[in-house]
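K.L.:
Sequence:
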Amino acid sequence: MGTGQAGRRTVEESGEATTPVAVQAALRARPLRFPFTHHTLRCWAYLLSGAVLTLLVTVLLITLLLLGLLTSPAGLGLLLLLGVALAGLPVGALERRRLRLVEPRPIAGPHRELPGAGRRARLRTRLRERATWRELAHTALVAPPLAAAGLGLAALLLFSGMLVVSPVVVWALAPETVMLIPGHAVRGPLHALPATAVGLAGLLLAAYAGALLTTVHVRAARLLLGPREEDHGRQVLELTRSRARLVDAFEAERRRIERDLHDGAQQQLVALAMTLGLAAHELRERAAPDPSGPGPEPDPALVLVDRARGEARQALEQLRGLVRGIHPQVLTDHGLPAAVAEVALRHPVPVTVDLDLPGRLPAPVETTAYFTVTEALTNAAKHSGATAITVHGRVADGRLVLQVTDDGRGGADPAAGAGLQGLADRVAILRGRLMVTSPTGGPTRLRLEVPCSG
Numbered sequence: 012m013g014t015g016q017a018g019r020r021t022v023e024e025s026g027e028a029t030t031p032v033a034v035q036a037a038l039r040a041r042p043l044r045f046p047f048t049h050h051t052l053r054c055w056a057y058l059l060s061g062a063v064l065t066l067l068v069t070v071l072l073i074t075l076l077l078l079g080l081l082t083s084p085a086g087l088g089l090l091l092l093l094g095v096a097l098a099g100l101p102v103g104a105l106e107r108r109r110l111r112l113v114e115p116r117p118i119a120g121p122h123r124e125l126p127g128a129g130r131r132a133r134l135r136t137r138l139r140e141r142a143t144w145r146e147l148a149h150t151a152l153v154a155p156p157l158a159a160a161g162l163g164l165a166a167l168l169l170f171s172g173m174l175v176v177s178p179v180v181v182w183a184l185a186p187e188t189v190m191l192i193p194g195h196a197v198r199g200p201l202h203a204l205p206a207t208a209v210g211l212a213g214l215l216l217a218a219y220a221g222a223l224l225t226t227v228h229v230r231a232a233r234l235l236l237g238p239r240e241e242d243h244g245r246q247v248l249e250l251t252r253s254r255a256r257l258v259d260a261f262e263a264e265r266r267r268i269e270r271d272l273h274d275g276a277q278q279q280l281v282a283l284a285m286t287l288g289l290a291a292h293e294l295r296e297r298a299a300p301d302p303s304g305p306g307p308e309p310d311p312a313l314v315l316v317d318r319a320r321g322e323a324r325q326a327l328e329q330l331r332g333l334v335r336g337i338h339p340q341v342l343t344d345h346g347l348p349a350a351v352a353e354v355a356l357r358h359p360v361p362v363t364v365d366l367d368l369p370g371r372l373p374a375p376v377e378t379t380a381y382f383t384v385t386e387a388l389t390n391a392a393k394h395s396g397a398t399a400i401t402v403h404g405r406v407a408d409g410r411l412v413l414q415v416t417d418d419g420r421g422g423a424d425p426a427a428g429a430g431l432q433g434l435a436d437r438v439a440i441l442r443g444r445l446m447v448t449s450p451t452g453g454p455t456r457l458r459l460e461v462p463c464s465g
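Add 11 to the 1-based position in the sequence shown for the numbering used here, that's all there is to it.
Everything labelled a hint here was simulated from the structure, so no lab data went into it.
Worth double-checking, as some hints may not be accurate.
Derived DEER-like restraints, expressed as beta-carbon distance ranges [claimed, not checked]:
no., residue 1, residue 2, range
1, LYS393, ALA119, 39 to 49 angstroms
2, MET173, PRO84, 30 to 40 angstroms
3, PRO126, LEU315, 51 to 61 angstroms
4, LEU43, PRO117, 23 to 33 angstroms
Glycine included, every Cβ here is placed at the ideal spot set by N, Cα and C.
The task is simple: from the sequences and hints, build the whole structure.
P.N.:
This is the structure in structure tokens:
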């Protein structure tokens, strides 16, 4: 059972290119009934509203672009050009909402969430995202040709609708003769029925053409307005870098605390213990008994000084243990095998250490491996009831493979504690993995694999 591994975010939209469009699926399922379904009206509403919206946006973009180029020497044009560059953001968001008319499956936004970020940070982030430029390309380059096709569909719908109602028009305007088509006179409403048939054929054609155009619209929106795997990959990379920076900051803070404890509090405790020792010696000298007289009662001050001296020594030992637990000096000076061997000597359960390494490993790898071993040994001593523990480690194919095995009762749950979970997160930063197998009855095995590149 693995407790940690390099994070991978599943991109739900990775199959968007192959997912059928709802309108296309409906057309394939029932091609003859499709013109009489609600999909036809939805397609027409989507295409006609999109044509009007695109026309307005295109005029606005051209106006902003021309004004920006003309006023750029004065500085104001740069803001206008920036507005042109960011125009795809609101238009793309609106287009994703409009797609709900024809597509029940919504398209997720491709941009990163920036909670708490200021305006400048948001602006810099949006300008660096590829999704921003894809939305601009959709707004300025892809949408206008599709809108032109939508306007052509509107003309077809208008003309076909006029032909369908032509008998009513003939009856209302000129029951005897009317010129529906230049050069062709229609005598009476009955003679206009062929035009109605042509109009109905035009509406059928518009229904199928609307389905085709809607499919193209949806696929273009999925391609340019939806998230891509590379967008999430950049986010995961940035998160990994951020976690690595946090680990580096933690290491720097740890070294500072260790140095302060070693050079500050530890030295003061040593000085305090020596001062108390001198005070006790002085009190004993003053209270030296007369050889000829009876023995004096113990001096209460001397008793208190001896007790304080013992407490100072105990505090010094605890402080030294704390400093050693933060980061052992032997790990820095002599490497991972020596540090693990020192831990094994102090462990209450017999530990066999078999570490055969070609040399010193990068500091992050050694630190992660050391604390993994210490956490495994601590868990084995507290919970497993083990009588023997083995630590085995080798470098194979450029990876440190470390395994800690105990003969305890097993049944360990790695997710129950925060120790191994924190180590698993740390291993994930190094692109390694941490696995624990602990069947009931034992044995428990903890296996660490991490690249030696650090």
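K.L.:
Hints numbered earlier in the text: which of these fail when held up against the supplied structure?
P.N.:
2
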